[in-house]
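Residue numbers (my numbering), protein chains in the order written: chain A, 2 to 340; chain B, 2 to 340; chain C, 2 to 340; chain D, 2 to 340.
Keep in mind that a hint or two might mislead.
Footprint (simulated), chain C over chain D, 3 or more residues, beta carbon under 8 Å [claimed, not checked]:
id	segment
1	169-178
2	219-227
3	232-246
Simulated from the structure, these hints should not be mistaken for laboratory data.
Idealized CB from N, CA, C, for every residue including glycine.
4 protein chains.
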Amino acid sequence: MNETGVAVLGATGMVGQTFLWLLAGHDWFKPVYLAGSRTRGGRVYGDDICWRLPMQMPERIGRIELNALDIDECVDSGARIIFSALPSELAADVEPALRKRGLAIFSNAGAMRSDPDVPIMIPEVNPEALDLIREQGFPTGGFIVTNANCSTTGLALALAPLRTFGIEQVFVTTCQSISGAGYPGIPSLDICDSAIPFIPGEEEKIGTELLEILGIEIAIYPTCVRIPVRFGHLEMVWVKFAGSVRKDDILHAWREFRNEECSPLTPAIPVLHCEEDCRPRPDMSFSGEPPGMQVFTGRVREREGWIGFVLLVNNLVKGAAGGSIQNAEFFLRKHGDDT
Amino acid sequence: MNETGVAVLGATGMVGQTFLWLLAGHDWFKPVYLAGSRTRGGRVYGDDICWRLPMQMPERIGRIELNALDIDECVDSGARIIFSALPSELAADVEPALRKRGLAIFSNAGAMRSDPDVPIMIPEVNPEALDLIREQGFPTGGFIVTNANCSTTGLALALAPLRTFGIEQVFVTTCQSISGAGYPGIPSLDICDSAIPFIPGEEEKIGTELLEILGIEIAIYPTCVRIPVRFGHLEMVWVKFAGSVRKDDILHAWREFRNEECSPLTPAIPVLHCEEDCRPRPDMSFSGEPPGMQVFTGRVREREGWIGFVLLVNNLVKGAAGGSIQNAEFFLRKHGDDT
Amino acid sequence: MNETGVAVLGATGMVGQTFLWLLAGHDWFKPVYLAGSRTRGGRVYGDDICWRLPMQMPERIGRIELNALDIDECVDSGARIIFSALPSELAADVEPALRKRGLAIFSNAGAMRSDPDVPIMIPEVNPEALDLIREQGFPTGGFIVTNANCSTTGLALALAPLRTFGIEQVFVTTCQSISGAGYPGIPSLDICDSAIPFIPGEEEKIGTELLEILGIEIAIYPTCVRIPVRFGHLEMVWVKFAGSVRKDDILHAWREFRNEECSPLTPAIPVLHCEEDCRPRPDMSFSGEPPGMQVFTGRVREREGWIGFVLLVNNLVKGAAGGSIQNAEFFLRKHGDDT
Amino acid sequence: MNETGVAVLGATGMVGQTFLWLLAGHDWFKPVYLAGSRTRGGRVYGDDICWRLPMQMPERIGRIELNALDIDECVDSGARIIFSALPSELAADVEPALRKRGLAIFSNAGAMRSDPDVPIMIPEVNPEALDLIREQGFPTGGFIVTNANCSTTGLALALAPLRTFGIEQVFVTTCQSISGAGYPGIPSLDICDSAIPFIPGEEEKIGTELLEILGIEIAIYPTCVRIPVRFGHLEMVWVKFAGSVRKDDILHAWREFRNEECSPLTPAIPVLHCEEDCRPRPDMSFSGEPPGMQVFTGRVREREGWIGFVLLVNNLVKGAAGGSIQNAEFFLRKHGDDT
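Please put together the full structure from these sequences, using the hints given.
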């Protein structure tokens, strides 16, 4: 497959940096247009940004020009796919404008998720949602596909293979890392040696997005907490099933949960269970194969008809930029010939 | 009231230091015997220990002699009340030995909690448990009174005034501070910029102690997580009641929950609700009146027949040393004349 | 002595909170007017601010009204002494205006420090600087007295008693806490699990203020680093003296360095040496007598004609609010009758 | 070049893990024998250890057998080169025993550094030190080559190209990460939200090793501080030169400092200067090319005849495992044919 030219909008933030780290080593995609939402352009990426990922900035990425965001220039750049890490208000303007120009937008922004024609998609969980792009005008016109918010993504993946047991109620407490709030994000005096038991809008997002993605009616009780950790969201979950379910059933369901067709950012094993009691932990959030794309689970417990477990999702990779790219890969696998 | 001579065993650890900080300014008690479990004696307290509380070590405490633990010396010291912060294995030997010598032991150790004659007591929650000391031989002999473990204490206090609504199920995720594991405790490489979703034995303790203290049959689903915070345990809770309960009912119940009789470490308001969404937070765990003795709650939410909330308990004060001292105060108020 | 009415300007920030914590228990001063630089007034202090100190907010402080800053109201409030924790730009307007109205201003802001008639004062180090207020119009008019910046204050105190040995060169690396940058200050993604070897303007301040306060010509080589610690500035120092100086000389000089006349925030022992190698540490920065007002030193080493040592200063107390209050106490001791 | 079989001793600790991460992708070396100092053997590496690096454990490494350390088995394994991350006491026994068996040992342990025939080598700084192996018996017998301790390595690299200006005095304050103390290492209660201005033996090591490696007589004044950061050592340096040296001279010397001959872990640019004031920072310590092998410098300042600067060295890669591997590469480049 030839490399497809892609654009990254909102390229300087935490999610934007993650897009570029993932695209630098990507066989299918080649970044041809980068734009920051607050940049004035005229410099190369490496000279303009403060890189904050634990892995180094790929050298070739640092040499790409960073532009002030401009719809026409984006269209003219030759990018066929647009990855968006724009702030929501900006995304609400820019993404529909680019769709109107016929482009395929894979967005991490929440702005368009409430549009009923715009799918919120995780390929392992609700691949059928991609068909919604026909409602937007595909194949003759452009479209927008979004991924779920970071904490929802982890939970949806761990629960997807358990749908067969009849999920009825889900209690979840998240311990979310500071990178999830972007930059400058959380002031250090609010979080160093402390924790904040509130993340604006997050519990509502889990409530609505999880149901839409899983495609079932369940009762969800979320509490979202910010903790002083740079990367990785930990989630503590208790689930009630319609029938009797044992620990072994859960482990078996996760083991059987596989991606048959592969693509660069599609993990063969979407949910990987850790045996050790003290796992998973946020400091392993860039582990996995591909790195950051697997959800790790642990501590499965049975208690009076409920199943408890813990999960870890990389909020920047699977929960954001990697999720968007995986969606684009899934689209190309399915419609590569149509376009 | 004259000052009662007290001993502190296990005086050098985190809980021991908290005992001494609280006793230094206490009107009823006067430390007359300090012993460390690993000290060889012969030096004053201030020269032998590494003080790790955020408040300074009280000057008069620093000048008290620190002894190697010795039952006879403890008995001969004139201490009428023994506060124990001993490690569990040691407490299992020492506490019964001191009881046999006729002393009143108020212990933070878990060793004796499973003895059916030894009360696990929080005066605001199950004051009647104190009567168990008669089973141990009081008033002619000694006795042991324990306080609950730190995370249970916070939960029991927040739930106590809600018993009237008929508690049926409780989901709780704790975010516990590193001081709860004592010193040296958690290696820094395990917790700095990370979190550990497992605390050995903690979920079991919550399961058994909470029921005993609240005196009711409920189903509890706990998950205990260690986070990189020095002091204060945060707990995220969802509760199911027998009937319909609204947010205002909860707030009202907490507001009405009062300690009528007072003593130095008995808060007038055991549970104080915070209105702001981002509260309570661990960095306020030494706040309150008396400092560290109140449980703070916040973020009360209704959702499909359940009530969610967040609480903060100071794991060293109310959840450990302060709880023991409050128990001793309660005993003296009730039986001061009998002894 | 009757309580003197005082105002606190910039009352809501980290330094402002420290002023109020110190004034709540102060025998000489009584806060009669509080103003925030960004507050709109009309609420009591406790309802309007997010308290961020490790000690609890004093109850009586929380009930004082918090005003929008207004020169006339401040003058009419009856406050005779004004404590300023204003941002520098605002201080440059407000402090001279209040001085013109005849008030005594003790300021932690850097705005007026460069005015040759405005003393930068640490009573233990350069008490004679107070005479400068006569150049500003005292006793008939108002005046401004500033304290040094936080890292300079610690260094000046440790070096003051060593001036007698002939200080020639000083190398200092600071490890400064995040509270020194105020709120919101440092974004958490810049400092959690990292450090920043640059603090804008800080090295220049140390260079100029230290010489002015010590009143001697020395060569200073500072490097200022921000580390992920909430409170307390650690400073690593090497000093070259004119003649031969031994470790014992240093320890002796610090031991002999005493405040003979006392006042509430004047420590009897301004510089307290710690014997243990692993001391002083930031987590003891609110220790000392009075808490936060002593500079702690440690690790004195001789090496080829140089003396090395480490010091810790509480950046909010002695290095800011406490320093200002101590200056006001010093003024009242000296001129209490004149005014 | 065919892959050379290598052994890693002390394979489970932080430095051992770094050895294996670096060797997994190494073209010249292939791990054929892994031993932990406290392991009982019989399991594969991935099942036995708790991986603590920010990058994921390479899959093929996880499948290698982990042995209990045994000299005979190590010799029989076919490993021609031994990488040692053993604790010092153990290294003092094991390394000479393996040398006696004719093996080439590249060690990160400090045990043998004081032996005058054992070189402490950084190829960019003192490549001639490799000749010392002839004193140990090479080419007929085995030998030991050590790398410098982590903080010395960073300083030696930044100073090496400045020797030409006549270095006379060096003041250095280090801010060292917790991974430098190994596991379990620093208790979290000692370092979370604090710092420790003392690292046992570290200042002495810098004093002696730096002179030996640079091969010049200079006066060194070090202060070593532990800060709450996982990876990367920051060092704040002031240097006095014999003659007048300007900032541009320094930058030029670093720019010209090059490795002409290359090998997998030899950086083309050993010292890379960062222009931004707030760089380098510990969170970029796994950056560079190869990752973790470059020393980053920043904030060059001139002041009264001195030059100040800041440097960052990855304490696990260039400062430990990577340094040992680079030494082995250098040996093979030079003596590949002799052996």
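Outcome of the hint check:
Requiring three or more residues with a Cβ within less than 8 Å of a Cβ of chain C, the coverage given for the segment 169-178 of chain D holds, as 3 such residues are present. Remark: the segment 219-227 of chain D is confirmed as covered by chain C, as 4 of its residues place a Cβ nearer than 8 Å to a Cβ of that chain, reaching the required three. By the rule of at least three residues with a Cβ nearer than 8 Å to a Cβ of chain C, the coverage given for the segment 232-246 of chain D holds, with 3 such residues.
Checked against the numbered hints above, the structure violates none of them.
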